[in-house]
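Novice: Below, each chain spelled out in residue letters.
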Amino acid sequence: MNESNRRDCNWCSERIEPWLDEELSAREAAGVADHVAGCRECAAEVELARAVRATLRSLPGFECPPYLVEKAAMAARPAPGPRQRIAAWLGPRMEVFLRPAMAAMVVVVVAVGVFVLSNHDRSPRVPSGYSAAEIEEAAREARIAFAYVGRYTRAPVRVLREDVIAERVAPAMGEALMESRREVVERALVPAVEDAVLDALFVETTPRINRSKKKEGRPE
Amino acid sequence: MEDRFRRLADAYKNTIYTFALYSLRRQEDAEDVTQDVLVKLWQNMDSIDPERAGAWVMRVARNAVIDVARRRKTRSAVFAEEVDVDIAANYAVAESGTDRHVRRREFREALESALAGIDEPYRSILIMREVQQHSYREIVEALDMPLNTVKVYLHRGRRMLREALGEEYREA
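Here the protein sequences come in this chain order: A and B.
The working numbering numbers the first residue of the first sequence as 78 and each following residue consecutively.
The working numbering numbers the first residue of the second sequence as 2 and each following residue consecutively.
No wet-lab data here; the hints were simulated from the structure.
It is possible that some hints are incorrect.
[Unchecked claim] Below, computed lysine to aspartate or glutamate pairings styled on EDC-like, alpha-carbon distance capped at 16 angstroms: (1) B:152 to B:142; (2) A:148 to B:3; (3) B:152 to A:91; (4) B:152 to B:113; (5) B:152 to B:110; (6) B:41 to B:11; (7) B:152 to A:99; (8) B:41 to A:100; (9) A:148 to B:139; (10) B:41 to B:3; (11) B:152 to A:98; (12) B:152 to A:214; (13) A:148 to B:29; (14) A:148 to B:32; (15) B:74 to B:139; (16) A:148 to B:33; (17) B:74 to B:120; (18) B:152 to B:139.
Kindly generate the complete structure, drawing on both the sequences and the hints.
Specialist: And the structure:
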């Protein structure tokens, strides 16, 4: 094959597909046809191009497995809400009653709520098994115990040594508490009194100490 | 909505599956792609123009195929995985054993293999245009490319297929 033919083959090879698609100008199409008629290699290339097209176009389509549509629908479908689940449970015949039934249920729930709230006893909760008089007595004794604590916490902090607390605060509280019903005191009042005592001793006294230092003109 | 989904799914499920199977040559991957596209079809039902549903489906299918091919490439790079060829198993009709038929079958298998091996967008354009015989308009919309570009890719793709087939088939 000479150089001129080789150049023609490259030129032709680039135009085989548009030539077969009839997309070339008349002049170019005639040039390709002339070259192919005289060149065995390019004629074989054209035959191969035709075979490729024919074979591609004869390739069959395939049937999608039928379960894929259902699988995709299941994957994409949003999860049913409570209303849909109830409707599915009731079935199509009963579904027409679902909306009125739900409305009636809401009315009933609201009415019950209003009734309960309007009859709610707002008085403090009394431990079961004890009379109001017993609870009142225990509360009075607790107030006395708080009074003792209050008296000592007004004094300078050095007074509130552990031995002082042990000698004065604790016996006074114990005495007051022991006079009431032990069970009531242990269960309902002791924790509250303990908390109050701790607060009074360690929180409430601190600002008073600082204030008294300033009054006396002591350096901080 | 469900009725509309089923109508569209029935209309396009085979198109998607065929496109995926010729692109990836493995039934399992083709099923994954088809399901993925159908799920997206459901999710985008309200925004799909019925006139352009075909182009939309093909665009999503092509993207799904590219994703699977990319994952497969990564997988095979790590595990030296071989790609199964499941297309032959999908041919319903058994072929006769004459020499001519055997040659034709060999040529077809070589062509399918070459088709799955060429790069994007040549492969998608060849499958859409030559195998599935979509219109140029659908391909242009699906790939969002100008018509002339699609035609140039189609010509180059066919030429690439011929080159991939080798000298053996030029003598035939």
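Novice: Enumerate the violated hints, using their earlier numbering and listing them in ascending order.
Specialist: 4, 5, 8, 9, 12 and 15
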